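Q: Single-letter residue listing:
Number of protein chains: 2
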Amino acid sequence: MSQPNSVTITDVQAAHERLLGIAHRTPVLTSRIVNDRTHSQVFFKCENFQRTGAFKFRGAYNALLQLSAAQKQKGVITYSSGNHAQAIALAGKLLNIPATIVMPDDAPTVKQIATRGYGAEVILYNRQSTNREELAQSLARERALTLIPPYDHLHVVAGQGTTALELIAEVGQLDLLLVCCGGGGLLSGCAIATKALLPNCKVIGVEPELADDATRSFYSKTLQTVKNPDTIADGARTPNLGKITFPLVLHYVDDMVTVSEEAIIRTMFFLWERLKIVVEPTGALAAAALLEGVVKAPHANIGVIISGGNVDLAQIGKLFS
Amino acid sequence: MSQPNSVTITDVQAAHERLLGIAHRTPVLTSRIVNDRTHSQVFFKCENFQRTGAFKFRGAYNALLQLSAAQKQKGVITYSSGNHAQAIALAGKLLNIPATIVMPDDAPTVKQIATRGYGAEVILYNRQSTNREELAQSLARERALTLIPPYDHLHVVAGQGTTALELIAEVGQLDLLLVCCGGGGLLSGCAIATKALLPNCKVIGVEPELADDATRSFYSKTLQTVKNPDTIADGARTPNLGKITFPLVLHYVDDMVTVSEEAIIRTMFFLWERLKIVVEPTGALAAAALLEGVVKAPHANIGVIISGGNVDLAQIGKLFS
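As they're listed, the protein sequences go chains H and R. The working numbering numbers the first residue of the first sequence as 1 and each following residue consecutively. The working numbering numbers the first residue of the second sequence as 1001 and each following residue consecutively.
If you're looking for bench data, these hints aren't it; they were derived computationally from the structure. Among the clues, some could well be false.
For each label pair, taking beta carbons as the anchor points, the in silico distance ranges come out as [as the list claims (entries may be wrong)]:
1. R:L1139 / H:I113: 49 to 59 Å
2. H:I22 / R:T1225: 46 to 56 Å
3. R:Y1219 / H:D312: 37 to 47 Å
4. H:Y219 / R:R1032: 39 to 49 Å
5. H:I22 / R:A1069: 53 to 63 Å
Listed next, the in silico DSSO-like pairs over lysine-lysine satisfying Cα-Cα at most 30 Å (straight line) [what the hints assert, rightly or not]:
6. R:K1202 / R:K1221
7. R:K1318 / H:K111
8. R:K1243 / R:K1111
9. R:K1243 / R:K1202
10. R:K1296 / R:K1202
11. H:K318 / H:K111
12. R:K1318 / H:K318
13. H:K296 / R:K1093
14. R:K1111 / H:K318
15. H:K243 / H:K72
16. R:K1296 / H:K93
For the chain R half of the interface with chain H, some residues (derived, Cβ under 10 Å), not all of them [to be verified]:
17. P1027
18. G1053
19. E1273
20. R1274
21. V1279
22. G1309
23. V1311
24. K1318
25. F1320
Since the model is a prediction, treat every value here as computed from it, not as a measurement. Idealized CB from N, CA, C, for every residue including glycine.
Full structure from sequences and hints, please.
A: If you want it as structure tokens, here you go:
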């Protein structure tokens, strides 16, 4: 297959320049116990310390900054009950761009409050009766808003790729990079950056077993979907890869693997207990593939992206007890 | 009162040299929401990321390294059910010094396992019938072991002081440093370092209301005690300041304050939810004084020491729900 040129390393590098001093340059943590267990040097890129608690801010800000003056004035809209909602809301606030977020009416109150707290307008819909993308598109048309989808957008992909760019700039040589995969924005962006800077570094995407659409798509080379998968990793419940991200994943990613729900929870517990960091289920996916032995790579330099840390602490105790 | 010269900045600097490449140089985190709320620049020195999950490793390693060859060969003993136990156990392992830990028989199994995991011998005692210090002293005599108490030890105090030394080296000017206080090892060590490097920086110690012995001792200038205080901050349940730490606290510390149990829990929740770090109750004391408005210092550079992150995750959910 010819190289897809929808997003390139130049786009990722330009996004990196745009984010300087705005996004956090998140810390890279290491752990002796992890190194001992894997017989490798493991570097955790901690996007749970990113603004709004997840990598999503990178793509959202990169996309909003590149809108035309007219688009900025009219505002943006997106659909998300999760980290992309808060990311667009904060980016909108920082850039003085009105933001509208379409969110299911059963989204946790704390997330609605956080999103409104950044000054965004939240429009609630009923999950059963309404298709969120259609609602967002119709509102976008009515109100002349620009739709910034959560992953299938060139500038969003380029922004997410800055995560790997920073990691590689900090640690140098990597033999393997593990990245979680929902809609494929983070995975494809990071793969583009990695293959440009370290052509011999393998990039592996990690999904929940219960939401393995991207893995099946990768192997069958035909877009596969899942519907409302019952995984705890809410960031990976997206139905499928996108028109932009699917070809990028096919071209730049070396392999896709899946991990069980139990593996995700054990890994979350491990990261909380041993690394002392609060990681959300989706944020533990990439680490789970390594720590649970799904991916084995002894004597290697391994990058692991911890994608976010937004959890409901009042609920999490049940998981660990 | 004349300056106590039991421990000086020279001792702290020497400890710093000994710990280079052995102890973690722990990260300093900042938070926009904290800065906005306090109208100050706040720097969290995160000893929850220290080896064994708490600052205690600094003092333990500094003490063990300075033993004579004969002492090292015979081994060390201490009493602790908490972070000092694991710190001595790991330092002993790294330095090939046999370590014996006297621990109550109701100490969490996970802590017993962790301590044994570092190769230490764990001796259990009954809390009701046995005085742990007497038991440790008698075992020390019988077995010719050197007793390294948890805080009232010159080399332990000097080691803990490296926490403030590192923080100041990283952030430069501080107007205020907040430090939790149990037996006063961390507080006095950090106060010595701070007053030597930044004479105008105020140092305030923070205790639970329910274990306010050091605060009462500070104000009355007479050693006060508490007995088995029912605070969630287990690291601050120590009965009193020590013979070494009390004069140091009196001389170097500017003020002592207390925080309620509710304030400790709210602050833990805040640090977990917003900073995405796992902090134990004692580790949240200093932050609680600031975030709950017990100490007010607008327009200042404020250092806050997060002393540790060792909690039983299976229990913590109950606290937050």
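Q: Indicate, hint by hint, whether the structure satisfies it.
A: Taking the hints in turn, this is what the structure says about them:
1. Remark: the range hint 49 to 59 Å for R:L1139 to H:I113 is upheld by a beta-carbon distance near 56 Å.
2. Range check, H:I22 to R:T1225: Cβ separation about 52 Å, and the 46 to 56 Å hint holds.
3. Separation of R:Y1219 from H:D312 is about 42 Å and conforms to the stated range, judged on CB atoms against 37 to 47 Å.
4. For H:Y219 and R:R1032, the hinted distance range of 39 to 49 Å is satisfied, since their beta carbons lie about 43 Å from each other.
5. The hinted range of 53 to 63 Å is satisfied by H:I22 and R:A1069, whose Cβ atoms lie roughly 56 Å apart.
6. Using a Cα cut-off of 30 Å, the hinted pair R:K1202 and R:K1221 holds, with the two alpha carbons roughly 19 Å apart.
7. Distance hint between R:K1318 and H:K111 is fulfilled; the C-alpha atoms sit about 21 Å from each other, no more than 30 Å.
8. With a CA separation close to 28 Å, the supplied pair R:K1243 and R:K1111 stays within the 30 Å bound.
9. For the hint linking R:K1243 to R:K1202, the alpha-carbon distance of about 23 Å falls within 30 Å, and the restraint holds.
10. Taking the CA atoms of R:K1296 and R:K1202, the gap is near 12 Å; set against the 30 Å cutoff, the hint holds.
11. Between H:K318 and H:K111 the alpha-carbon distance is near 20 Å, which keeps this suggested pair within the 30 Å criterion.
12. Distance restraint check for R:K1318 and H:K318: the Cα-Cα separation of roughly 8 Å lies within the 30 Å cut-off, and the hinted pair is therefore satisfied.
13. Using a Cα cut-off of 30 Å, the hinted pair H:K296 and R:K1093 holds, with the two alpha carbons roughly 29 Å apart.
14. At roughly 21 Å between alpha-carbon atoms, R:K1111 and H:K318 fall within 30 Å of each other, so this suggested pair holds.
15. For the hint linking H:K243 to H:K72, the alpha-carbon distance of about 25 Å falls within 30 Å, and the restraint holds.
16. Distance hint between R:K1296 and H:K93 is fulfilled; the C-alpha atoms sit about 29 Å from each other, no more than 30 Å.
17. For R:P1027, the suggested interface contact is upheld, since its CB lies about 6 Å from the closest CB of chain H, less than 10 Å.
18. The interface hint given for R:G1053 is met, as the beta carbon of that residue sits about 6 Å from the closest beta carbon of chain H, less than 10 Å.
19. Interface hint at R:E1273: satisfied, since its Cβ lies 6 Å from the closest Cβ of chain H, which is below the 10 Å cut-off.
20. Interface restraint check: R:R1274 against chain H, minimum CB-CB distance 8 Å, threshold 10 Å, status holds.
21. Checking R:V1279 against chain H by beta carbon gives a least distance of about 8 Å; that is within 10 Å, so the hint holds.
22. Among the interface hints, the one on R:G1309 holds; its C-beta lies about 4 Å from the nearest C-beta in chain H, closer than the 10 Å criterion.
23. Look at R:V1311: its Cβ gets to within about 8 Å of chain H, closer than 10 Å, so that hint holds up.
24. With a least beta-carbon distance of about 6 Å to chain H, the hint placing R:K1318 at the interface is held under the 10 Å criterion.
25. Annotation: R:F1320 was flagged as interfacial toward chain H, and the flag holds, the nearest CB pair being 5 Å apart, inside 10 Å.
In this structure, none of the earlier numbered hints is contradicted; all agree with it.
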